[in-house]
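Join the two chains, each given in its own frame, into one complex according to the hints.
Keeping their order, the protein sequence lines are chains A and B. Sequential numbering of the first sequence, starting at 1, is according to the numbering used here. Sequential numbering of the second sequence, starting at 1, is according to the numbering used here.
No wet-lab data here; the hints were simulated from the structure. Check each hint, because a few of them may be wrong.
Derived Cβ-Cβ restraints for the label pairs, each shown as a range [unchecked claim]:
no. : chain 1 : residue 1 : chain 2 : residue 2 : range
1   : B       : R68       : A       : L307      : 43 to 51 Å
2   : A       : A94       : B       : R68       : 51 to 59 Å
3   : A       : L307      : B       : E21       : 17 to 25 Å
4   : A       : A94       : B       : G18       : 44 to 52 Å
5   : B       : R91       : A       : T312      : 18 to 26 Å
6   : A       : P230      : B       : E21       : 43 to 51 Å
7   : B       : R6        : A       : T318      : 48 to 56 Å
8   : B       : D65       : A       : D391      : 41 to 49 Å
9   : B       : G18       : A       : A63       : 36 to 44 Å
10  : A       : G221      : B       : A67       : 56 to 64 Å
Just so you have them, the derived chain B footprint on chain A, three or more residues with Cβ under 8 Å [claimed, not checked]:
no. : segment
11  : 6-17
12  : 190-201
Note that the coordinates shown come from a computational prediction; the quantities given were computed from them, not determined experimentally. Using N, Cα and C, we set each Cβ at its ideal position, and we do this for glycine too.
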Amino acid sequence: MSGYLDRLEQQLIDAARADGPERRRRAARHRTIPVSAAAAVTALLVASAVALAVTGTFSTGSAVRPPARPVAGAGAGIAARGTRLLPMRVADPAGGLPWGMRLVHTTRGLVCVQVGRIDGSQLGVLGQDGAFDDDGRFHPVAPDVVEYHRSTTEISSCLAPGQTASQEANIPQNGVFGARHPQAIPKSARRWISYGLLGPRAVSVSYTTEDHEHILPVARGSGAYLVVLPSPPKGGFETGGGALSTTDFVTPQGAISSITYRVHGTLCSESRPASEASSAHPQCPRPLVAPRPEAPRRLHRPIAVRLAADGTAVVTFTAPRAVRSALSGYTVEIPSPCHEGTDGIPVERDVRADEAVHVEIPSAFVNACGHTVTVRVVYEHDRERFPLGEDDLIVGEAVVKR
Amino acid sequence: MNGSSRPDDVLLRAARDGDGEAFGEFYRRRRALLLAYLRPRVPNAETAADLLAETFAAALIAIRDTARSLPDQPVAWLMTIARNKLIDSVRRGRVEQAARERLALAPLEIDDQDIARIDELAASTDVAGSLAELLPADQHAALKARILDELGYAEIASDLRCSEAVVRKRVSRALRTLRAGLEAPE
Numbered sequence: 001m002s003g004y005l006d007r008l009e010q011q012l013i014d015a016a017r018a019d020g021p022e023r024r025r026r027a028a029r030h031r032t033i034p035v036s037a038a039a040a041v042t043a044l045l046v047a048s049a050v051a052l053a054v055t056g057t058f059s060t061g062s063a064v065r066p067p068a069r070p071v072a073g074a075g076a077g078i079a080a081r082g083t084r085l086l087p088m089r090v091a092d093p094a095g096g097l098p099w100g101m102r103l104v105h106t107t108r109g110l111v112c113v114q115v116g117r118i119d120g121s122q123l124g125v126l127g128q129d130g131a132f133d134d135d136g137r138f139h140p141v142a143p144d145v146v147e148y149h150r151s152t153t154e155i156s157s158c159l160a161p162g163q164t165a166s167q168e169a170n171i172p173q174n175g176v177f178g179a180r181h182p183q184a185i186p187k188s189a190r191r192w193i194s195y196g197l198l199g200p201r202a203v204s205v206s207y208t209t210e211d212h213e214h215i216l217p218v219a220r221g222s223g224a225y226l227v228v229l230p231s232p233p234k235g236g237f238e239t240g241g242g243a244l245s246t247t248d249f250v251t252p253q254g255a256i257s258s259i260t261y262r263v264h265g266t267l268c269s270e271s272r273p274a275s276e277a278s279s280a281h282p283q284c285p286r287p288l289v290a291p292r293p294e295a296p297r298r299l300h301r302p303i304a305v306r307l308a309a310d311g312t313a314v315v316t317f318t319a320p321r322a323v324r325s326a327l328s329g330y331t332v333e334i335p336s337p338c339h340e341g342t343d344g345i346p347v348e349r350d351v352r353a354d355e356a357v358h359v360e361i362p363s364a365f366v367n368a369c370g371h372t373v374t375v376r377v378v379y380e381h382d383r384e385r386f387p388l389g390e391d392d393l394i395v396g397e398a399v400v401k402r
Numbered sequence: 001m002n003g004s005s006r007p008d009d010v011l012l013r014a015a016r017d018g019d020g021e022a023f024g025e026f027y028r029r030r031r032a033l034l035l036a037y038l039r040p041r042v043p044n045a046e047t048a049a050d051l052l053a054e055t056f057a058a059a060l061i062a063i064r065d066t067a068r069s070l071p072d073q074p075v076a077w078l079m080t081i082a083r084n085k086l087i088d089s090v091r092r093g094r095v096e097q098a099a100r101e102r103l104a105l106a107p108l109e110i111d112d113q114d115i116a117r118i119d120e121l122a123a124s125t126d127v128a129g130s131l132a133e134l135l136p137a138d139q140h141a142a143l144k145a146r147i148l149d150e151l152g153y154a155e156i157a158s159d160l161r162c163s164e165a166v167v168r169k170r171v172s173r174a175l176r177t178l179r180a181g182l183e184a185p186e
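Pulled out of the complex, with its shape left as it was, chain B reads as follows (with noise of 0.2 Å):
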């Protein structure tokens, strides 16, 4: 963690009630994940830029939407969205802005030396172990195997010692737990 030691769901907290900084600092200590997660399933740094700043804005208006409740899983509940994001990137094949223009965040340029930094980020952080502090272990393997190694079911069970609807389940639940009461933007 950088910064103060507030924990996310603190910081969360504060920032519903119009703190920026508190938001501002649940960025810096988030954006390194968020980025190596993105990075490798994108074809370029602009991309998982873009991706980075709708996440974010997704999640700030999620936040400050008082009928919702904060996530228990901060990291969970940013990492869903991220996903969300980037499944919907694939499917229409560009990155939306509904959130950054819902916040009024004027496009930003990027350039040489900021798509360096990203890609030193992303490729600097460790996604499964960040996951690792949020997942029993062995849901925490199961679910490295299949969604950031992108193996077979087949191929886990295998390295796992246990049988593919052992493996099917653990994935399954590690997603549950992710996903769990995050009610993360579409």
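Next up, chain A with everything else stripped away, as it sits in the complex (with noise of 0.2 Å):
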């Protein structure tokens, strides 16, 4: 049973059952804030890989579609003018396809990242280690198919324009998940990859290997690099971290060591901290003082919420301002402070000013702390900055009795 339509029927009995999935839905949809940026914006996803010491000519497998039909007002948008595969090609430990990295700008002003084998002048995953029933062959990923969708099916991240990031992961060789269980790929079919957009004034990146130092150019204007060695040192084969920053410098991750940065004419490096515990020693020019971040507004407008009986909220609210781009937008967040942390369903959409917006929220009491909770709708003017600034809005607040 492997064809789509015996999927979909498998989907629906389990659906069906007395016992099946509803109840525990959505948990994934769910995004805890604040979270770290790294977490945010690292999709690392992973899977299975097996030895692919094999070189030359694979032949092409089904395309790696999104999940979900892509539009252009809503999520990451689709690719748009500027997408493009960047020259670099890394070899694999094993040899066969090299490792790229393509850009994709979307309609929706975000600037995502994927990293794949390469075929010709395709970036794509390898159909092994359980990955699309072992055929063999080489999947060309579309270039639809980034972060912001919850693909499971290759490395991407999106940034805002003008942001840099430095990551990692630790991936199956063949650049996929599938369905073998991750604990079942050996290490030696594991890749430790680092990559990253640093931005204009980025020179090289700094990375060791059996005590040997290898300094790597960074790709002019964009600063991207890629760094593909064996498997990883540690443990963390189901995770990809990183960091993330707005101001032109980034942490070093993954093997990265340094990162060398031309400012005003001058080099200077950004080093990784000595350990998890310490933190970095930025050594690149920054502002003397911080602007402090103003507050947020409130507007308390009327939020409207109707309560399911299987504990689904629908929030409803009139938008105050347009949401025209995915680096901005609305979120329904429900406090939770005994959990310490706030559940928030992003609007993940274009949005007309005044426009009347419905957002379901199941299980809204998950986390609740007593027999009510409160439901906030924020209006986020750049959504990678936390916490909420003087751009930022709380539209309006309701409490809600279970």
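Here's what the structure looks like:
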């Protein structure tokens, strides 16, 4: 049973069963806020892989598409002008198809990075280690398959224009998660990928292998870099990590030990902290005094909340501002003081000013501390920045009783 | 009919009680009909597959809602849901996923073999023949001409040798029959 129609049948059977997944659903759609910037952006998606010590050509298999048809005005949008495969090619430690990067500019203002194996002019993943039924083929990845769509097929992440990032992923060498459990992938078939976009001031990155230091120039303009090493030195196979910055300089991640920038004609380096417990020691010049963010304005607009019998809350509000890109937007939040966090469901689409927006929050009381929850609608002018600042709005709040 | 001989309404009753296999059987039995209806009306097989999944997900949600009565005409009911989903998708420029999200159904990848299978199923299924089981002959003829063959009322009237008013009435009655008591989700 492997075709689309058969898999759909199995899904429906499971859902129709009395103990179907309906009540377990949607946890993944809840975003916990605040989150570290690294966790928010890094969507390094992992799975399995086998030794690809094979050289030669691969026949082409089915293309990897986004899980849902992308639209220009929602989510990440669709790939737009400026999307391109970068010329860099990085050899895999075991040979075979090289690795490469694609920059995807989207209709909603994001700049997304895709990392994968390169066959000719295509970026893709390989059907091995449980992926694509081990068909041994090269599967091209469509430009619209990006982190924002919660795809689990490749390495990708999306940034706001001007943001810089240094990221890592410990993934199978075929570049894709397959059906096989990650722990079943032998260490020899894993790869430690370090990649990023460092911006126009970046000059090079440094990393060390077997006591030998490598200095790798980054791509001019974008500051893109890609390093592919054999299996990571420690665990964390299923996770990725990374650091973001909106001030040009970013702390190195993964195998990268330092990043060199050119600032006002002078070279300076940012180094990785000596250990996870210590903090980074920035060396490149920064503004002496960081501006203190002002609190967001409160509009005290009415928020309507209708509670369904199954615990789903339908929140309705009138949007005070239009949303035209993925960089800003509305989020419906439910603070949970006793869990020290906030559940939030972002409205991931364009919104007209004065539009009535409806947001469904399943299991609204899942993290409730008592018999009531507060539902808050916020407008984030810059979704990458925490906490809310003067450009942001708290549209309104409502208290809902269980 | 494939599989067991349990009628559709029995399958839906069983599905309401948590019998997943019963709903699976209903899906297997009717998916070809839906694909045959949807595929010619959308630009590609992927969209037809999307609509198929959303339609059955919406149907399952409706079935599990004990506040609703189960449909008297399951096939007509299912077709009505599919038609609503199709119209919505044209209006919005995309196939909605609300029902699938509500059921926590993960997105499914579709490959070239799936596309070929969907096209084959769609091409080999007679929608009109299936609808003929549900409607009186005169209503079926009018509805088929209007909805499936997309002919104008005047043309149909000429073919059926009756007035346009009669054609309109038959189409209207046929649609009402299909929708009767269906409470199809929007």
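We went through each hint and held it up to the structure:
{"no.": "1", "hint": "B:R68 x A:L307: 43 to 51 Å", "verdict": "violated (20 Å)"}
{"no.": "2", "hint": "A:A94 x B:R68: 51 to 59 Å", "verdict": "holds (57 Å)"}
{"no.": "3", "hint": "A:L307 x B:E21: 17 to 25 Å", "verdict": "violated (33 Å)"}
{"no.": "4", "hint": "A:A94 x B:G18: 44 to 52 Å", "verdict": "holds (49 Å)"}
{"no.": "5", "hint": "B:R91 x A:T312: 18 to 26 Å", "verdict": "holds (25 Å)"}
{"no.": "6", "hint": "A:P230 x B:E21: 43 to 51 Å", "verdict": "holds (47 Å)"}
{"no.": "7", "hint": "B:R6 x A:T318: 48 to 56 Å", "verdict": "holds (49 Å)"}
{"no.": "8", "hint": "B:D65 x A:D391: 41 to 49 Å", "verdict": "holds (43 Å)"}
{"no.": "9", "hint": "B:G18 x A:A63: 36 to 44 Å", "verdict": "holds (38 Å)"}
{"no.": "10", "hint": "A:G221 x B:A67: 56 to 64 Å", "verdict": "holds (60 Å)"}
{"no.": "11", "hint": "6-17", "verdict": "holds (count 11)"}
{"no.": "12", "hint": "190-201", "verdict": "violated (count 0)"}
Hint check: violations occur at hints 1, 3 and 12; the rest are consistent with the structure.
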